[in-house]
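The listed protein sequences correspond, in order, to chains X and L.
No gaps in the numbering here: position 141 of the first sequence is 141 in the numbering used here, and each next residue is one more.
No gaps in the numbering here: position 22 of the second sequence is 22 in the numbering used here, and each next residue is one more.
Derived from the structure by calculation, the hints contain no laboratory data.
C-beta: ideal position from N, C-alpha, C; glycine also.
Hints are not guaranteed to be accurate.
If you anchor each label on the Cβ, the simulated ranges turn out as follows [as the list claims (entries may be wrong)]: (1) X:Phe155 - L:Leu16: 32 to 40 Å; (2) L:Asp76 - X:Gly202: 45 to 53 Å; (3) L:Val103 - X:Ala257: 53 to 61 Å.
Within a straight-line C-alpha distance of at most 27 Å, the following computed DSSO-like cross-link-like pairs (lysine-lysine) qualify [stated by the list, open to error]: (4) X:Lys59 - X:Lys84; (5) X:Lys32 - X:Lys84; (6) L:Lys117 - X:Lys32; (7) L:Lys23 - X:Lys249; (8) L:Lys5 - X:Lys151; (9) L:Lys115 - L:Lys5; (10) X:Lys258 - X:Lys277; (11) X:Lys204 - X:Lys237; (12) L:Lys117 - X:Lys204; (13) X:Lys151 - L:Lys75; (14) X:Lys59 - X:Lys204; (15) X:Lys32 - L:Lys115; (16) X:Lys237 - X:Lys8; (17) X:Lys245 - L:Lys5; (18) X:Lys277 - L:Lys23; (19) X:Lys245 - L:Lys117; (20) X:Lys277 - L:Lys115; (21) L:Lys115 - X:Lys59; (22) L:Lys75 - X:Lys204; (23) L:Lys115 - X:Lys249; (24) L:Lys117 - X:Lys59; (25) L:Lys5 - X:Lys8; (26) X:Lys204 - L:Lys5; (27) X:Lys277 - L:Lys117; (28) X:Lys245 - L:Lys25; (29) X:Lys75 - X:Lys249; (30) X:Lys237 - X:Lys151; (31) L:Lys23 - X:Lys151; (32) X:Lys277 - L:Lys75; (33) X:Lys277 - X:Lys309.
Partner residues are not named here, just some residues of chain X that face chain L (Cβ under 10 Å, in silico) [what the hints assert, rightly or not]: (34) Gly35; (35) Pro38; (36) Lys59; (37) Thr172; (38) Trp228; (39) Thr231.
Below, each chain spelled out in residue letters.
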Amino acid sequence: MAENRFNKDIGRHSVVFETPVYVRGYACVGGKKEGEGPMGECFDLIEQDPYFGQNTWEKAESRMQELAMTYALHKAQCEVKDIKYLFAGDLLGQLMATSFSVNKIEIPLFGVYGACSTFGEAIGLASMAIDGGFAGNTMALTSSHFSGAEKQFRFPLDYGNQRPRSSTWTVTGAAGIVLSNSRHGSNVCIKGITTGHIEDYGIKDSMNMGACMAPAAASLIECHLDEWDVTPDYYDKIVTGDLGKIGKKILIDMLMAKGINIAGNHMDCGIEIYDCKEQDSHCGGSGCACSACVLCSFLLKKLERGEYKRILFVPTGALLSGTSFNEGSSIPAIAHGVVFERI
Amino acid sequence: MIFLKAFIVGGVICALAQVLMDKTKLLPGRVMVILVCFGCLLSAIGLYQPFADWAGAGASVPLIGFGNSLYQGMKDSVDSRGFIGLFEGGFTACAVGVSAALVFGYIASWFFDSKAKD
């Protein structure tokens with residue numbers, strides 16, 4: 001079966017890039033709570049006003065995307081016209097935040113939805129466009145807003161709903177990353193990706209998303225290690241998106257049962273982004289911006305400084321909708337893997 | 001004294017509902033429906049009115065008291081109008097509460113926006 005394959009295609013889920021896809025610039029913005037968290041110092045901008053100067057939560061989220069894009073382009077020292085394709089998505093219905101954030105700048109756009117895994121999916125596609133020779137520079141962009149997400153998926157804030165202990169806190173923030181086929185002084189590149197398939201264990205509790213997503217993360221990591229023929233210690237960190245405390249335990253147990261031990265180098269962005277004791281975030285952070293902001297505030301800087309040599313970034317997404325939830329359907333989940341490496 | 005009694009009784013009812021919220025996977029809407037139905041049931045077996053007479057606002061303000069008013073409204077209209085009363089009593093009994101919630105909620109929305117939680 002290998003004879004029909006290109007060299008890049010190394011397995012059912014994985015591709016390895018022929019040419020390095022460089023991380024040319026990246027940036028993230030966050031809200032007040034994110035600023036008070038352990039990663040707060042590393043954000044490019046922390047805005048105290050939860051409306052970001054707008055009058056609705058949805059417009060606030062669009063504004064965050066605009067800001068993240070502006071900062072990322074500035075740091076990459078390029079302009080909108082230099083970006084061939086934008087791959088962007090968010091949590092709102094019909095990608096509302098994305099449509100309204102780029103509606104004035106005429107940038108060729110692929111809207112992507114992977115719930116909280118959106119950034120992994122967007123980066124995967126953006127880097128394939130570069131390796132395929134279709135673009136010199138591409139950008140991946142995503143956002144989420146606590147208040148907008150509560151309104152969309154649970155209850156509007158005015159309703160004053162109580163959050164159970166197993167729930168996670170949707171991160172208010174946005175992050176963007178500019179990828180390029182030329183180096184521009186960058187010392188971090190993307191080696192390849194592993195694209196997840198949907199795992200559905202029939203869990204229906206939208207307040208316990210960690211348990212829904214852990215099987216997707218487990219299957220992705222297992223596929224990845226197998227197809228890339230590496231062991232977990234090949235990576236300094238295996239970073240999942242927003243499993244939270246409950247999900248992390250399930251993930252480690254599931255992989256352990258298959259003889260894969262990631263307990264030593266696993267990290268979960270949802271656990272890292274808030275101080276769960278001080279900030280009352282319960283199980284941790286979630287949302288598209290959770291993994292995206294941790295990547296663009298913390299992980300990429302660690303790679304640039306040489307503190308990490310190589311990471312496997314695995315954002316996870318719970319693909320429920322308000323409609324499917326109300327109709328009593330289970331919550332399908334997906335994970336996307338991206339390998340970042342210091343050159 | 002009547003205030004203290006109302007405060008304690010109302011608080012106990014709310015604390016019991018909180019146990020349902022925390023210890024079960026019931027969504028908030030279901031907890032509310034359970035409270036209303038429970039109030040109707042207590043009213044139907046004749047327990048709620050003496051309880052409300054004793055506890056005052058402590059028994060009438062929580063949702064369980066809304067169930068009591070619904071049942072009483074239904075009962076009165078069935079007594080006076082017979083079968084057709086089934087389609088009337090519940091609505092007339094709850095009209096004041098529901099309309100007040102709508103009107104005051106709407107007025108509040110002129111002055112306040114929803115705030116993010118901290």
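Comparing the hints with the structure gives:
Between phenylalanine 155 (chain X) and leucine 16 (chain L) the beta carbon distance is about 22 Å. The supplied range of 32 to 40 Å is therefore violated. In this structure the supplied range 45 to 53 Å holds for aspartate 76 (chain L) paired with glycine 202 (chain X), their Cβ-Cβ distance being about 48 Å. Under the hint 53 to 61 Å, the C-beta atoms of valine 103 (chain L) and alanine 257 (chain X), about 58 Å apart, fit the expected range. At roughly 25 Å between alpha-carbon atoms, lysine 59 (chain X) and lysine 84 (chain X) fall within 27 Å of each other, so this suggested pair holds.
For the hint linking lysine 32 (chain X) to lysine 84 (chain X), the alpha-carbon distance of about 33 Å lies beyond 27 Å, and the restraint is violated. For the hint pairing lysine 117 (chain L) with lysine 32 (chain X), the CA-to-CA distance comes to about 11 Å; that is within 27 Å, so the pair holds. Annotation: proposed proximity of lysine 23 (chain L) to lysine 249 (chain X) holds, straight-line Cα distance about 22 Å (limit 27 Å). Straight-line distance between C-alpha atoms of lysine 5 (chain L) and lysine 151 (chain X) comes to about 38 Å, which puts the hinted pair past the 27 Å bound.
The hinted pair formed by lysine 115 (chain L) and lysine 5 (chain L) fails the criterion: a straight-line CA distance of about 34 Å is larger than 27 Å. At most 27 Å may separate the alpha-carbon atoms for a hinted pair to count; lysine 258 (chain X) and lysine 277 (chain X) exceed this at roughly 32 Å. Distance hint between lysine 204 (chain X) and lysine 237 (chain X) is unfulfilled; the C-alpha atoms sit about 30 Å from each other, more than 27 Å. Using a Cα cut-off of 27 Å, the hinted pair lysine 117 (chain L) and lysine 204 (chain X) holds, with the two alpha carbons roughly 25 Å apart.
At most 27 Å may separate the alpha-carbon atoms for a hinted pair to count; lysine 151 (chain X) and lysine 75 (chain L) exceed this at roughly 38 Å. Proposed proximity of lysine 59 (chain X) and lysine 204 (chain X) is contradicted: the alpha carbons are some 30 Å apart, above 27 Å. Straight-line distance between C-alpha atoms of lysine 32 (chain X) and lysine 115 (chain L) comes to about 13 Å, which keeps the hinted pair within the 27 Å bound. At most 27 Å may separate the alpha-carbon atoms for a hinted pair to count; lysine 237 (chain X) and lysine 8 (chain X) meet this at roughly 24 Å.
Taking the CA atoms of lysine 245 (chain X) and lysine 5 (chain L), the gap is near 43 Å; set against the 27 Å cutoff, the hint is violated. With a C-alpha separation of about 21 Å, the suggested pair lysine 277 (chain X) and lysine 23 (chain L) falls inside the 27 Å cut-off, and the hint holds. Proposed proximity of lysine 245 (chain X) and lysine 117 (chain L) is supported: the alpha carbons are some 21 Å apart, at most 27 Å. Of the supplied pair hints, the one linking lysine 277 (chain X) and lysine 115 (chain L) holds, its CA atoms being roughly 23 Å apart against a limit of 27 Å.
With a C-alpha separation of about 15 Å, the suggested pairing of lysine 115 (chain L) with lysine 59 (chain X) holds against the 27 Å cut-off. Note on lysine 75 (chain L) and lysine 204 (chain X): the hinted pairing is violated, with a Cα-Cα distance of about 40 Å set against a maximum of 27 Å. Our distance criterion of 27 Å between C-alpha atoms is broken by lysine 115 (chain L) and lysine 249 (chain X), whose separation comes to about 34 Å. For the proposed pair lysine 117 (chain L) and lysine 59 (chain X), the alpha carbon gap of about 18 Å is at most 27 Å, so the pair holds.
The straight-line distance between the Cα atoms of lysine 5 (chain L) and lysine 8 (chain X) is roughly 75 Å, outside the 27 Å bound, and the hint therefore fails. Restraint check for lysine 204 (chain X) and lysine 5 (chain L): not satisfied, since their Cα atoms lie roughly 41 Å apart, outside the 27 Å limit. For the proposed pair lysine 277 (chain X) and lysine 117 (chain L), the alpha carbon gap of about 16 Å is at most 27 Å, so the pair holds. Our distance criterion of 27 Å between C-alpha atoms is met by lysine 245 (chain X) and lysine 25 (chain L), whose separation comes to about 19 Å.
For the suggested pair lysine 75 (chain X) and lysine 249 (chain X), the alpha carbons sit about 37 Å apart, so the restraint of at most 27 Å is broken. Note on lysine 237 (chain X) and lysine 151 (chain X): the hinted pairing is violated, with a Cα-Cα distance of about 34 Å set against a maximum of 27 Å. Taken as a hint, the lysine 23 (chain L) and lysine 151 (chain X) pair is honoured in the structure, with Cα atoms around 24 Å apart against an allowance of 27 Å. Under the criterion of a C-alpha separation no larger than 27 Å, the hint pairing lysine 277 (chain X) with lysine 75 (chain L) is inconsistent with the structure, at around 51 Å.
Annotation: proposed proximity of lysine 277 (chain X) to lysine 309 (chain X) is violated, straight-line Cα distance about 31 Å (limit 27 Å). Violation of the interface hint for glycine 35 (chain X) is found here, the shortest Cβ-Cβ separation to chain L being roughly 12 Å, above the 10 Å cut-off. Hint on proline 38 (chain X) is violated. Least Cβ distance to chain L is approximately 17 Å, over the 10 Å limit. Here the hint on lysine 59 (chain X) is broken, as its CB sits about 13 Å from the closest CB of chain L, past 10 Å.
Proximity of threonine 172 (chain X) to chain L holds as hinted, the smallest CB-CB distance being about 8 Å (cut-off 10 Å). Violation of the interface hint for tryptophan 228 (chain X) is found here, the shortest Cβ-Cβ separation to chain L being roughly 39 Å, above the 10 Å cut-off. Checking threonine 231 (chain X) against chain L by beta carbon gives a least distance of about 39 Å; that is not within 10 Å, so the hint is violated.
In summary, the structure is inconsistent with hints 1, 5, 8, 9, 10, 11, 13, 14, 17, 22, 23, 25, 26, 29, 30, 32, 33, 34, 35, 36, 38, 39 from the numbered list given earlier, while agreeing with the others.
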